[in-house]
Amino acid sequence: MQLLMDLGEINESEMATHPAQNRLYRSLGGDDAPKPDLGQFPVQPGDLLALCSDGVWEHVTESELWSATLDRDVTAAAQWLAEQAAQRGGETADNATLVLLQANLEGIGATPGWLRRWSAGLSALFGR
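Per the working numbering, the very first residue in the sequence shown carries number 1; after that it's consecutive.
If you're looking for bench data, these hints aren't it; they were derived computationally from the structure.
There's no promise every hint is true.
Quick list of the computed label-pair ranges, beta carbon to beta carbon [unchecked claim]: (1) Ser123 x Lys35: 37 to 47 Å; (2) Leu38 x Gln87: 30 to 40 Å; (3) Gly8 x Leu38: 17 to 27 Å; (4) Trp66 x Gln21: 19 to 29 Å; (5) Ala33 x Ala124: 37 to 47 Å; (6) Ser119 x Glu62: 42 to 52 Å; (7) Leu70 x Leu122: 41 to 51 Å; (8) Pro19 x Glu91: 16 to 26 Å; (9) Asn104 x Leu38: 55 to 65 Å; (10) Ala16 x Leu122: 50 to 60 Å; (11) Gly90 x Glu12: 18 to 28 Å; (12) Gln87 x Arg117: 38 to 48 Å.
Glycine included, every Cβ here is placed at the ideal spot set by N, Cα and C.
Please put together the full structure from these sequences, using the hints given.
This is the structure in structure tokens:
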């Protein structure tokens, strides 16, 4: 549905009721190798990225998604949003999968401590 909206063929309010709403364009698993979309975008500390299945976005609006993160920490917001989607979807609801990622740019470019220790251990083991 996002593809149709991006192409301007439908608007956001039509996404949940469009006849093609359950059509799969891509999936993981099966015999075919996945063909991911790759891209980069700038982030600032505190920025949020929401990855969710149609079981979430069919029952939770974008404004609800973002307002939930203003009142709660990321973990609580994700739990609340998944609960809302499950309740609103009822017994026939699709799965409600949601991941919220919050950008934390501290230490970017620095080598993590575990990697420094691991490298030092390998160097000691192989005498380098």
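Results for each hint:
1. Ser123 x Lys35: 37 to 47 Å: About 40 Å separates the Cβ atoms of Ser123 and Lys35, which means 37 to 47 Å holds.
2. Leu38 x Gln87: 30 to 40 Å: Since the Cβ atoms of Leu38 and Gln87 sit about 35 Å apart, the hinted range of 30 to 40 Å holds.
3. Gly8 x Leu38: 17 to 27 Å: Holds: the Cβ-Cβ distance is about 24 Å, inside 17 to 27 Å.
4. Trp66 x Gln21: 19 to 29 Å: holds, 23 Å
5. Ala33 x Ala124: 37 to 47 Å: holds, 40 Å
6. Ser119 x Glu62: 42 to 52 Å: Hint holds: Cβ distance 44 Å, inside 42 to 52 Å.
7. Leu70 x Leu122: 41 to 51 Å: Holds, since Leu70 and Leu122 (Cβ atoms, about 45 Å apart) stay within the stated range.
8. Pro19 x Glu91: 16 to 26 Å: Holds: the Cβ-Cβ distance is about 22 Å, inside 16 to 26 Å.
9. Asn104 x Leu38: 55 to 65 Å: violated, 22 Å
10. Ala16 x Leu122: 50 to 60 Å: Holds, at about 53 Å.
11. Gly90 x Glu12: 18 to 28 Å: holds, 22 Å
12. Gln87 x Arg117: 38 to 48 Å: Given about 46 Å between the Cβ atoms, the range holds.
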